[in-house]
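**Student:** Each chain, letter by letter, is given below.
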Amino acid sequence: MTTGHTEMGIKVVGVNHRTAPLDVRERFAHGAHEVPGALARVMAAGASGGVLLSTCNRTEFYLVSGDEPALEAVWSLLGERLPSGAPPVGGAREYGYIARDRDAVRHLYRVSSGLDSMILGESQIQGQVREAWEASRAQAGPVLHRLFQTALHVGSRVRTETGLGMGTASAASAGVAVAGKIFGDLAGRSALILGAGDMAELAATCLTDQGVQITLVANRTQERARAIAERLGGKAVSLEEAWPHFATTDIALCSTAAPHAVVTWERVGTIIGARRGKPLCILDLAVPRDVDPAIAQLENVFLYDVDDLQTVAAQATTRRRDEIPAAERIVEEETDLFWAWYGGLGVVPTIKELRARMDHVRAAELERALRELDHLSPEDRAQLEQFSQVLLNKFLHQPTIALKKAAEEGHGYGLLEAVRRLFGMEPPA
Amino acid sequence: MIVTLHLVALALYGLATALTLAPFMGVRPAPRALTIALPCAGAAIHVVGISQLTLVGLGPALSMLALCLVLLQLASEKLLRGSAVSFFAGPLATGLVGLAILSGLAPGAETVGARNTWFVLHVALSALGVALMALAFIAAALYLLQFRELKARRFGQIFQLFPPLELLDQLNRVALVTGFPALTLGVLLALGYGAQFSGGLHVAKAQLVWGIFTWVVLGWAVWVRLVRHWAGRRAALASIAGFCAVLLVYVALKLTQPGAERFL
Chain A
9 MTTGHTEMGI KVVGVNHRTA PLDVRERFAH GAHEVPGALA RVMAAGASGG VLLSTCNRTE
69 FYLVSGDEPA LEAVWSLLGE RLPSGAPPVG GAREYGYIAR DRDAVRHLYR VSSGLDSMIL
129 GESQIQGQVR EAWEASRAQA GPVLHRLFQT ALHVGSRVRT ETGLGMGTAS AASAGVAVAG
189 KIFGDLAGRS ALILGAGDMA ELAATCLTDQ GVQITLVANR TQERARAIAE RLGGKAVSLE
249 EAWPHFATTD IALCSTAAPH AVVTWERVGT IIGARRGKPL CILDLAVPRD VDPAIAQLEN
309 VFLYDVDDLQ TVAAQATTRR RDEIPAAERI VEEETDLFWA WYGGLGVVPT IKELRARMDH
369 VRAAELERAL RELDHLSPED RAQLEQFSQV LLNKFLHQPT IALKKAAEEG HGYGLLEAVR
429 RLFGMEPPA
Chain B
16 MIVTLHLVAL ALYGLATALT LAPFMGVRPA PRALTIALPC AGAAIHVVGI SQLTLVGLGP
76 ALSMLALCLV LLQLASEKLL RGSAVSFFAG PLATGLVGLA ILSGLAPGAE TVGARNTWFV
136 LHVALSALGV ALMALAFIAA ALYLLQFREL KARRFGQIFQ LFPPLELLDQ LNRVALVTGF
196 PALTLGVLLA LGYGAQFSGG LHVAKAQLVW GIFTWVVLGW AVWVRLVRHW AGRRAALASI
256 AGFCAVLLVY VALKLTQPGA ERFL
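Chains as they are written, first to last, in our numbering: chain A, 9 to 437; chain B, 16 to 279.
None of these hints come from the bench; they were simulated from the model.
Treat the hints with care, since some could be wrong.
A few chain A residues that face chain B, going by a derived Cβ cut-off under 8 angstroms, partial list only [to be verified]:
1) F191
2) F310
3) T325
4) T326
Computed footprint of chain B on chain A, listed as stretches where at least three residues anywhere in the stretch have a Cβ under 8 angstroms from a Cβ of chain B [stated by the list, open to error]:
5) 140-153
6) 180-190
Just so it is clear, CB atoms sit at the ideal spot from N, CA and C, and this is done for glycine as well.
Can you build the whole structure from these sequences, using the hints too?
**Tutor:** Right, dumping it as structure tokens:
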């Protein structure tokens, strides 16, 4: 086993939704195809392993690295993505953070559990952590492999053993949850989108993530509708062309900027009536509302506005907050386990190396002394050798015990580094 | 021994039911593994108990019905990935086992030919048919409750704990469509058994009336589903109306017809 980790700690360097605004996070986001190149640059600066986790809310480099150059390489890599006009004085580091060793492990466990997410307890991050690990597999190295493997386990534990993932915590995802309570599995269901704003796009993305097929994007201005239709699939049409489709679609997502209701009884009442009882879920995310509330009186029409969806989201958030202590306990427990494993990795080889070095010194010094004490009888020489060995054992006893104990308690890494420095033990090649 | 096994099954079903209903009383939901393991264990013990029974008389028939219901509940939970069916099936099965014990599980005088395969199959299939009908009723009731919450935009315990409408509709459909052939076969086996071994069908008039009425109602519910393509709320209402009619006629016959206490 290499003992590279004994002088190289685990670090996380990056930005997230708490430290960087959206426009900066967007610039720092890395597509899957950019990951190997970015990691190669950081590893060339001295990291022995790396995983890049890049989502819409965070870009984080997990590194096994001892030196500042690797961290500098990250900041430099991210800084290059900042606009050239007026970058902040400190560059990318102005938006970021570094967590080291145990804190870095705890950080990843909190991330994979959804404790560090913008929407508390959201489950998408679990898949993103897995994808990041898989995309970085070639460069991760054994320690990060173990770290990410356990992070996924921690995420699963938190979701299984606590209620942190219960319900849905944003209006858009609440819309998906409500539609799910009507249709069950949403895969293969059809949806039409009225409006082409950010909210409509976000909610539509939540639907497509569940396998819903966007059939139409209707908007007053065709250009914007076309852009969203291209991204999410479906066809861009005018609002007037959308009404007949209320007879067949499963979900209607409404989020126009109209100042009054556009989905009125007169426009769609008869059309929806022809559905022969087939359920229609209408999610009205617009303020002011896009859908005439009278539409909800139609049999098998389920109409929800922003207030309804925020009620669902708020209930979930309250329940999830109550689960934070239980989730944090699991994270702490698992961090201890990982750190004990990690600390223990280098203890035995380091102790062996230390003893070998000290024994070498002892033997050399003993030999030198005995050369000058040639009048001693063989019994006395043996006695002296035994004395030197006992003395060495006595000297090394306490450091050995302390190292083993620290490793068991998860503090081994720091002590190991100190021991290696104090006794001038060379880092391995 | 038979009674002891039934008492243990009753305790396990009762405990599972209490755990399932706990969230409605503000108690934290029990782990899903536990709410499945308990009725599973109960069913296993129940099977041992039933295997030692002579399937004749009210008590054994009720016990068989309860077992069918629990097994269907477990199968539904697998399908729905939730425990909503047990909100109704749990108390119902527990009550049926309790009634079976109270009615007496020992074989009565009419055990002639009771070990006959035809007769055992008749009882088993009839119980399965009735249990499937009860399951259809439960799915329909859950559907209507969830439907009401979704229409009224209430997002409480029912919204959280009950399965999606579509799944409940499917469950109702499957239960009806499989329940009808099971019950039909059960009735045919009874006719065949009577003709073959008993020199004709010797059943009380009330039993015959109720049997035919149940068969017709279940057939009607299947017909509107398959031929008239009823679905959703209308189909759920039809199932509930049918099940209520069957129950009402049963109670009426039990109360008014002499000798009706002998049949299920």
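**Student:** Please go over all the hints and tell whether each is borne out by the structure.
**Tutor:** The hints, checked one at a time:
1. F191: 5 angstroms, holds
2. F310: 5 angstroms, holds
3. T325: This interface hint is violated because 13 angstroms lies over the 8 angstroms limit.
4. T326: Nearest chain B Cβ about 12 angstroms off; hint violated.
5. 140-153: violated (count 0)
6. 180-190: holds (count 4)
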